[in-house]
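Colleague: Read off the chains here:
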Amino acid sequence: MTGSLHRFANPARFQRLSQAALPWCTGGTIVAFAVGLYLSLIGSPPDYQQSETVRIMYVHVPAAWMALGAYTTMALASAIALIWRHRLADLIAQSSAPIGAGFTVIALATGMLWGQPMWGTFWVWDARLTSVLVLLFLYLGYIALINAFEDPERGARAGAILALVGWINVPIVKFSVDWWNTLHQPASISRFAKPALHPSIMTPLLVMAIAYMLLFATLLLLRVRTATIEHRLRTLAMARARG
Amino acid sequence: MTRKRRRLYAVSAGMFLLAAAAALVLNAFRDSLVFFYGPSEALAKSLGPDQRFRLGGLVERGSLGKDGVTVTFNVTDGAAAVPVRFAGILPDLFREGQGVVAEGRMLNGTFEARNVLAKHDETYMPPEVVEALKKSGQWQSEKKP
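Those protein sequences? They're chains A and B, same order as listed. Everything in the first sequence is counted per my numbering, starting at 1 for the first residue and increasing by one. Everything in the second sequence is counted per my numbering, starting at 1001 for the first residue and increasing by one.
In case anyone wonders, no lab produced these hints; they're calculated from the structure. Ideal placement from N, C-alpha and C gives every residue a C-beta, glycine not left out. Just to be clear, a hint being listed does not mean it is correct.
Chain A is faced by these chain B residues, among others (derived, beta-carbon under 7 Å) [what the hints assert, rightly or not]:
{"no.": "1", "residue": "LYS1004"}
{"no.": "2", "residue": "ARG1006"}
{"no.": "3", "residue": "ARG1007"}
{"no.": "4", "residue": "ALA1022"}
{"no.": "5", "residue": "ALA1023"}
{"no.": "6", "residue": "LEU1033"}
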């Protein structure tokens, strides 16, 4: 099982596979966003309490999911990089960080715009909002840390440890609304309960979730490809400089 | 034991210890991590007029009264209710039976709110569906906030 996974750690093989996958991911992202945005902005009913404001959810919720998803990707890749020392895993972890930070900013910004008309405030320091802000700082801290070393290998090592330590925050974000009293409402979709969403509201949300996932895959593939080429160029330049 | 295996164990042990530490810390700070107290909790703590806190619950049906710009209502959790006085702008979602979080202090048995926020639940439905559910008597709006 691990043997077959380790085949993908070969950068040349990754470049070949990602080149084949990239157009499909890009096309899928465009189609999913076109369908998802149509369904969520035009083709779905207003909410019985929030009326049209509920449409912010279709942008906000998948962004928050992917903010956690990107961090988990980053932490998993960091663990693989620390244990098996695959260069590609380091590149995946480092490439996930700015994308995840972007998703976190989208989730925070749309959440504030939603909170003002519904709750009556842009921001409160409840457990959910605070832990998501901590998530953003973890992303920014990680990006700063990996670039703070002259030797990229050492920066990657330090960053991987920070990514793993910071992963503790991911379940805290997820379960904050269940563990403590918060202003933020609990999850509408849970694996163990019947969803509190009507199908006409659930469908656009799920399509948007797929669109965000494909967007993450597309951006990640692009960034890892670029990082792999950059890494090879640097290695070649070092080899030439040595003689 | 190979170096890779040793690193695998080290990372796993590190993550386990970290998770345990985080769980202990969060458990110790449980009381300060809540955003609001429910009416029962607030009454049990018998907080004085110099202690500001947030009170959360449902606006009790039939308790809403208006006197000029001042509104009075009861916040309930089903078991206990606390009367609230507030002079200011209420959020759009504020109504009887709806979740609410008020910030203020207790004064002579009444919660003097400085700020009132609406709290909605995780249910999203089109208005027609709610109408149909109400007609067939399957609608329960009195949920725990």
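Colleague: So, for every hint listed, does it hold in this structure?
Modeller: Hints, one by one, checked against the model:
With its C-beta approaching chain A no nearer than about 6 Å, LYS1004 of chain B sits inside the 7 Å limit, and its interface hint holds. Annotation: ARG1006 of chain B was flagged as interfacial toward chain A, and the flag is violated, the nearest CB pair being 9 Å apart, outside 7 Å. Taking 7 Å as the C-beta cut-off, the interface hint given for ARG1007 of chain B holds, the closest approach to chain A being about 5 Å. Proximity of ALA1022 of chain B to chain A holds as hinted, the smallest CB-CB distance being about 5 Å (cut-off 7 Å).
Because the beta carbon of ALA1023 of chain B sits about 9 Å from the nearest beta carbon in chain A, more than 7 Å, this interface hint is broken. With 7 Å as the threshold, the beta carbon of LEU1033 of chain B comes within range of chain A, its nearest partner Cβ sitting at about 5 Å, so the hint holds.
In summary, the numbered hints that this structure violates are 2 and 5.
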